[in-house]
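Novice: Below, each chain spelled out in residue letters.
Number of protein chains: 2
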Amino acid sequence: MGILVVGSVAFDSVQTPFGRADEALGGSATYFSTSASFFTDVRLVAVVGEDFPDEHIDGLKGRGIDVEGLKKAPGKTFRWKGRYDYDLNQAHTLETHLNVFSSFDPHLPEAYKDTPYVFLANIDPGLQLKVLDQVKKPKFVACDTMNFWIEGKPDALRKLLKRVDLFVINEGEARQLANEASLVRAARKIQKDGPRILIIKRGEYGSVMFSGGSYFCAPAYPLEEVFDPTGAGDTFAGGVMGYLANTGDAVEANLRKAIIFGSVMASFNVEAFSLERLNALRLEEIRARYSEFKRLTHFDDL
Amino acid sequence: MGILVVGSVAFDSVQTPFGRADEALGGSATYFSTSASFFTDVRLVAVVGEDFPDEHIDGLKGRGIDVEGLKKAPGKTFRWKGRYDYDLNQAHTLETHLNVFSSFDPHLPEAYKDTPYVFLANIDPGLQLKVLDQVKKPKFVACDTMNFWIEGKPDALRKLLKRVDLFVINEGEARQLANEASLVRAARKIQKDGPRILIIKRGEYGSVMFSGGSYFCAPAYPLEEVFDPTGAGDTFAGGVMGYLANTGDAVEANLRKAIIFGSVMASFNVEAFSLERLNALRLEEIRARYSEFKRLTHFDDL
Chain A
1 MGILVVGSVA
11 FDSVQTPFGR
21 ADEALGGSAT
31 YFSTSASFFT
41 DVRLVAVVGE
51 DFPDEHIDGL
61 KGRGIDVEGL
71 KKAPGKTFRW
81 KGRYDYDLNQ
91 AHTLETHLNV
101 FSSFDPHLPE
111 AYKDTPYVFL
121 ANIDPGLQLK
131 VLDQVKKPKF
141 VACDTMNFWI
151 EGKPDALRKL
161 LKRVDLFVIN
171 EGEARQLANE
181 ASLVRAARKI
191 QKDGPRILII
201 KRGEYGSVMF
211 SGGSYFCAPA
221 YPLEEVFDPT
231 GAGDTFAGGV
241 MGYLANTGDA
251 VEANLRKAII
261 FGSVMASFNV
271 EAFSLERLNA
281 LRLEEIRARY
291 SEFKRLTHFD
301 DL
Chain B
1 MGILVVGSVA
11 FDSVQTPFGR
21 ADEALGGSAT
31 YFSTSASFFT
41 DVRLVAVVGE
51 DFPDEHIDGL
61 KGRGIDVEGL
71 KKAPGKTFRW
81 KGRYDYDLNQ
91 AHTLETHLNV
101 FSSFDPHLPE
111 AYKDTPYVFL
121 ANIDPGLQLK
131 VLDQVKKPKF
141 VACDTMNFWI
151 EGKPDALRKL
161 LKRVDLFVIN
171 EGEARQLANE
181 ASLVRAARKI
191 QKDGPRILII
201 KRGEYGSVMF
211 SGGSYFCAPA
221 YPLEEVFDPT
231 GAGDTFAGGV
241 MGYLANTGDA
251 VEANLRKAII
261 FGSVMASFNV
271 EAFSLERLNA
281 LRLEEIRARY
291 SEFKRLTHFD
301 DL
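For the protein sequence lines, the chains are A and B, in the order given. Numbering-wise (the working numbering), the first sequence opens with residue 1 and increments by one. Numbering-wise (the working numbering), the second sequence opens with residue 1 and increments by one.
Derived by calculation from the structure, the hints in this document are not laboratory data. What you are looking at is a predicted structure, and each value in this text was computed from that prediction instead of being measured.
The list treats identical chains as one, so a pair stands whether inside a single copy or across any two.
Computed cross-link-like contacts, EDC-like style, restricted to lysine to aspartate or glutamate with a CA-CA straight-line distance of at most 16 Å:
id, residue 1, residue 2
1, Lys-130, Asp-105
2, Lys-113, Glu-68
3, Lys-136, Asp-114
4, Lys-257, Asp-300
Could you build all of it, start to finish, from the sequences and the hints given here?
Specialist: In C-alpha cells, the structure reads:
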C-alpha cells in the first residue's frame, strides 16, 4: 500500500565533530520518503524554491517517489544550518530560513487523495490537519511534532492527535507534552488523548513503543561513530511506516518489526552526511542489519 | 558455586520525590549479597561499627548469607546521606561519613579463600586488590568502580582491571575512564586493558554488554515510578553474578540471561526504600518478571 508524506524539503548546512556539509539536500520529507521508498510507494507533498535543482528531483523520481505533490514556488528553498558537538543527541540550530515554506499551503493532487498510509512530518499542526482533511479515507495516520509546536500551537496539536493512529516523538518532548517526569506515565497520558500507538525516540538509546497496554523496547545499533545525526528521526519514521504500509496490517508483531526496520534505516543514515548513505543502500544490507538487531537483543527463555 | 563479595555495609539517609528514609540499611555489599542470595551461596566481607544492630546481621543470616567476614570494629558504621530529584538517574550526595570504613583492612576467613566467584564492589581499588590477592584460585572475578577512583587511584585501578573477567561500570564513567565520547570505542579501549567482558549500566535505559567482539543490549523494566534508586547498581550486579555462579559457566548465553536477571532484581529494588522490596521478594516474582523482559524485547525474525 502507498504512503503519502508531507514535510520539508530543504538545504541543510551541518557541522559535526567529523566534518561539514554545505547546502546539502535535507528536510524531513526527503529523509522520510527516501527511507520509505525501500519498502513501498511514496507520494511526496512539499514545496521548494526556484533555486532547487532538477537533479535532486530526478534523484527522488529515480527512487520511484511520486513528486507530483512537490511544488516549485517563487523564492528560495527552506534552509537550516546547525551544529552537533560530541553529544550527538543534541542539534544546535544556528540559522533557520523558512523561505518558500513560510507560505506553504498544501493542496493534494487528485491521485494522492486515496492514499491509505499518511505520515505528517514535523510541521505546523495546522498544516498537518489541512493535509489530513484532504485524504478521503486514510487507513493509518502517523505524525511527528516538536517542542516549538507543543508550546506554540497546543490546541491544533491536540486536535490532530485525536485523529492519528501513531505518534512518533522525542523522549524530552513526550515528557514536555504530558508534563510528566515519568516516561511511562507520560505515554499513558498522551495515549488517552488519542493515538493508540506511541513511539518514543531516545537517540543513541533506541526507542520504545507503547501500543494499547503493551510495551516494546528497541535498541539503537552500536555504531563506533555517528557521523551526522541529521534526519535520523525521519529516516526512522520512513522505515517504520514503509514497512507497515508494505504489510498493510498494523498488528503488534508488524509494529515491532517496523520499529526494527526503522532503527536499521536510521543506523545507516547517520553513517554519512545528507542522504549519501541511504542513496547507496542495498536491500541485502537492510536485511543483514535486521538480523544483527535480532542477535544483539536475543536472550534465552527461562 | 559460591560468591565472595567485598564492599560497604552502611546506613543510608535518602530523600526522593516520593518520601524519605533515615538511617536505613544500605551499602554496596548489602544490596549485592541480598540480591545474589536468591541464586547462590554468598560470603560477605565488610566492616561495621559497634552501633550496628544484631537484627540486621540476623536478617542477612536469615537469607543464608555467610557473615563470618563481616567484622565489627570500634567506632561508628559508614553513613551516606543523599537526595534524588526528578532525574532519578542522578544521586546528589549530601554527606559521607566513612567512619570504621576509613581504616578497613580486609582479612578473609580461611573458609572464604577458595570461593570461585568474586565480586569486588565499588571501594578503593587498593582494597579490591588486597581482597583478590587472598583468594586462592578464583574462577571468575568481577568489579565495579566510580569516578572518584578513576581520578584518584588510576594506577591501582589499571592493575586491578588486568585481573578481572567482568567489569561493571556506569556509562559516564566508562567514557571518562577511556577518555572517549563514543561508547563503543570506549568499551573496546577498556577491554584492551583487561576485562574480557564489560557491562555498562545506563540507568533507566538499561544496560549493554561487550563480551569479546559481541554486543548485547538489555532494556530497563518500564516502571511508572522509581521510588528510590539507591542500590540499583549493586542489586543488578548481585543478580548478574548470582545467576552466573548458579550456572558455573560464564558462556555468552548465560551472561545474557544473567544480565536479564540483574535487570529484574534492580527493577524490584527501586520499588521501595532500602532493602524492603528485596526482602519481601519471592522466586515466582523473579521468574514472572524475567518472562516479561522476554515479551518486551521480542520481535519476529525476518
